[in-house]
Amino acid sequence: MISIQLAIMIPFIAALVIPLLYKKIPRIHVGWFVLIIPTVLFIALTRFIPSIAGGNTYINTVQWIPSYEINFTTYVDGLSIIFGLLITGIGSLVILYSIYYLSAKESLHHFYSYLLLFMGSMLGVVFSDNLMVLYVFWELTSISSFLLIAFWYHRKKSRYGAQKALLITFGGGIAMLTSFIMIYLMTATMSVREILSTIDPNHALFIPALVLLLIGAFTKSAQYPFHIWLPDAMEAPTPVSAYLHSATMVKAGIYLVARFTPVFGSSEIWFWLVSCIGLVTLFWGSFNAIRQIDLKALLAYSTISQLGLIMSLFGIGSIAHQLGAGENAILYTQASFAALFHLVNHSTFKGALFMVVGIVDHGVGTRDIRRLGGLMSFMPISFTIALIGSFSMAGLPPFNGFLSKEMFFEAVVNVSQSNLFTIHTFGLLFPIIAWIASVLTFVYCMIIVFKTFFGSYQPEKLEHEAHEAKIGMLIPPIILAVLIIGIFLFPNQLGDYLLRPGLASIFPSLKGMHEPISIWHGFTPALWMTIGVVVVGILIFRIQSRRKSLYIPPGKWTFDQLYNSALEQIELRGFKITSLYMTGSLRDYLVYIFLFFGIAVGGIFLLTDAFHFDFSSNAPISLYESLIVLTMMVAGIALIFAKSRITAILLNGVLGYSIALLFVLFRAPDLALTQLVVETVTTALFLLCFYFLPKREKENSPQKTKRFNVLVSILVGVIFVVVALSVQSGKLFESISAYFENAYELSGALNIVNAILGDFRAFDTMLEVIVLFIGGIGVYTLIKLRAKKEDENVENQ
Amino acid sequence: MIVIMLKISLTLFALAIFISLYRIIRGPSIPDRVIAMDMIGVNLISAIAAISILLNTKAYLEVILILGILAFISTIALSKFIERGVIIERKRDR
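Line order of the protein sequences matches chains B and U.
The opening residue of the first sequence carries number 1 in my numbering; numbering runs sequentially from there.
The opening residue of the second sequence carries number 1 in my numbering; numbering runs sequentially from there.
These aren't lab readings, by the way, just hints derived from the structure by calculation.
Accuracy of the hints is not assured; some may be wrong.
Unchecked claim - Have a look at the derived ranges for each label pair, beta carbon to beta carbon:
#, chain 1, residue 1, chain 2, residue 2, range
1, U, I2, B, Y589, 51 to 59 Å
2, B, V779, U, I2, 45 to 53 Å
3, U, T57, B, G775, 30 to 38 Å
4, B, Q728, U, A59, 19 to 27 Å
5, U, A59, B, S622, 15 to 23 Å
6, B, F692, U, S29, 22 to 30 Å
7, U, I19, B, L711, 30 to 38 Å
8, U, A59, B, L630, 22 to 30 Å
9, U, I2, B, V721, 35 to 43 Å
10, B, F692, U, I2, 50 to 58 Å
11, B, I736, U, S29, 35 to 43 Å
12, U, T57, B, A610, 19 to 27 Å
13, U, T57, B, D759, 16 to 24 Å
As the list claims (entries may be wrong) - In silico DSSO-like pairs for lysine-lysine, Cα to Cα no more than 30 Å straight-line:
#, chain 1, residue 1, chain 2, residue 2
14, B, K576, B, K704
15, B, K156, B, K105
16, B, K784, B, K576
17, B, K576, B, K470
18, U, K7, B, K643
19, U, K58, B, K784
Please read these numbers as outputs of a predicted model, since none were measured by experiment.
Note that CB positions come from ideal geometry on N, CA and C, so glycine has one too.
So here's chain B without its partners, still in its complex pose (with noise of 0.2 Å):
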């Protein structure tokens, strides 16, 4: 047996390897090479079942990420291996599909590398055992789906369903990342098998990783509201609608819902919301399924229905959690095999159903239901492969749809008769919701067969003259509709050795407890039901075809109408806010820094109570000093009132002096000198500039910007005298200056400023040297690299 860790990145490498094969024997088309991966995985695949009905499982593991707990670990069991069939089997039928579909004209490199992605990933997600591994497969299920379903990127509508699926399931996925860390936090381990034992179902996280964990699994499958990507994602071609779109991809959400069944099942929201949300998406995908025109809009609507009905069934069954082992755990862990039970069926006949939309799509260029109509005695074989495909999805006998749809109404009767949870009151709600979108269900699949195959024929509305379709293209769906006989013919097999030890994996407690399914169990209510449905389905497609059209148009208020006003308001609003505050006048952004200062530093240490004023230490200040700094603060003032801008620079010039005597006040004599130079050259600069500036105007802002400016200043200003004075009361540590004056003992040096400046940290000086450096080239080549005349204006590119 292979590796399961190998058969993941079999299709990756494949991936790799298939545009090579693609450019060099462009003679064979490339889907051959690429039908091996899958069928080989599948026959790999096949030789686990034995052991894995005889109740054994498979833990592989290969280091990743140990230090985190990372690592690439493979889980094989009942469950993981249902879908990894589904996967490779569905796969290689996509794939032998898609060779007759797709002509040699299109870029075929990029479609099977994309689908073979897509087949590793997901491959990824059902084997994986480890969160992050599956979250990491999950996203890349996500980022493979958005490309094939944009595989036509030069239709506008593909690139819009290709967004909105990648916007919708990247969210659900973040989502379920955020669940499984808070798991991760809640259990200390990455292991789905070891958080079964540790988890604590009282702990703060549990509903809230209960809740996202849940976003990621409906967004994923389709449940309502998140469905509405996938009528979208009919944009892709028809293949990759018939593989991601109803057998695998939207499972991914109904195989997290199973896989984590045993850690949530018995929560009581849990139950409500699976169960709910499901029976929700039912009806609403069925009720949705009967208005539309175009068939593979429909099959993506019926999808969603079915993936409902897997997803209540699902909730019904996580009730056998709270009853442990005993007859009434029974009857719900039937619901769930009936779950699992159905997923299978859903895989055949919608495979089938899209295959069929293909080939009528492929043979007369329309997929239009008004449009159709006669194609029986064109297209035997498909409508013989259609008839079997909806009779199976409309719960029919002789197909295996009737087989999971009686069980699907025996569940949902079980449990309105439940007294767990409060069940009883609103039970009945249950069955009659069931019913009501089985019902619709039914007329839907009328609506495929009849209005494709029956009716009259109308060539001039076609494209082109009706024919059957190259044989190659019918053996996948021919395969498919063999399967769905042969699934109703021998039920248990299939029971006995994929669905029991599946259903051992979502209740390890109640190791594969269940009934054989049986084509005849007598007259139960579930068989009155599925009278009922056809009596009452064939009744409305009466009175509804008579109806001219069938198309009834969505009111104003559906999700996609809330999703795509979400997504313009999101940008507009976004717009507006940012064009709100950045106005591109360095005045506001000044605004906004200083505010912040004042706001944020003043508020918090007011807040603190961090402001503490000692005056005790401080020297006492003689009459000159006063004078001098007063006529500081009267050349500074005067400096914002100087009407003319030389008066600016000279009181600029009387400030800068006055500090240079303040140096020399306080002792420190390179400082001043340094001071008198630096500030002679800037106020020689300062008329260097003046003769290219402007005219100084009067700055003829309103006067509430005026005042709001003094308010700011004052307050910055305020602020900082606050704070230095707070700083000089408060001293906690001696000063470290007494190292300093060994200078001449340490460096020779009888200048401790220039002995700090050049020996001891003298790092510091070298990069202000480099500054000034840096600053001179800069300004030689502000001046000397300026555009010419002639020369185009670089710098606004």
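With chain B held as given, fit chain U onto it using these hints.
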């Protein structure tokens, strides 16, 4: 005795600087302001000299010299600016 005298003279120098500041602010013409600026420089020289006696140090002698040069240069620069509008003239042959 000398300490008190020096302090009194320092106070007077500071007062002179303050009064020159009044001339800079009030104007009325630019030459008035430039002369006032020059006067501040000269007062500073004297004040620094007084301070270095007061502090009993020779460290400020360079400051005095530099200030003498700078006050002269800045006054020249300002005067030239008032007269020509620029400080450094471009080469004639361009």
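Verification of the supplied hints:
| no. | hint | result |
| --- | --- | --- |
| 1 | U:I2 to B:Y589: 51 to 59 Å | holds, 55 Å |
| 2 | B:V779 to U:I2: 45 to 53 Å | holds, 49 Å |
| 3 | U:T57 to B:G775: 30 to 38 Å | holds, 34 Å |
| 4 | B:Q728 to U:A59: 19 to 27 Å | holds, 25 Å |
| 5 | U:A59 to B:S622: 15 to 23 Å | holds, 20 Å |
| 6 | B:F692 to U:S29: 22 to 30 Å | holds, 24 Å |
| 7 | U:I19 to B:L711: 30 to 38 Å | holds, 33 Å |
| 8 | U:A59 to B:L630: 22 to 30 Å | holds, 26 Å |
| 9 | U:I2 to B:V721: 35 to 43 Å | holds, 36 Å |
| 10 | B:F692 to U:I2: 50 to 58 Å | holds, 51 Å |
| 11 | B:I736 to U:S29: 35 to 43 Å | violated, 53 Å |
| 12 | U:T57 to B:A610: 19 to 27 Å | violated, 39 Å |
| 13 | U:T57 to B:D759: 16 to 24 Å | holds, 23 Å |
| 14 | B:K576 to B:K704 | holds, 24 Å |
| 15 | B:K156 to B:K105 | holds, 20 Å |
| 16 | B:K784 to B:K576 | violated, 41 Å |
| 17 | B:K576 to B:K470 | violated, 56 Å |
| 18 | U:K7 to B:K643 | violated, 36 Å |
| 19 | U:K58 to B:K784 | violated, 45 Å |
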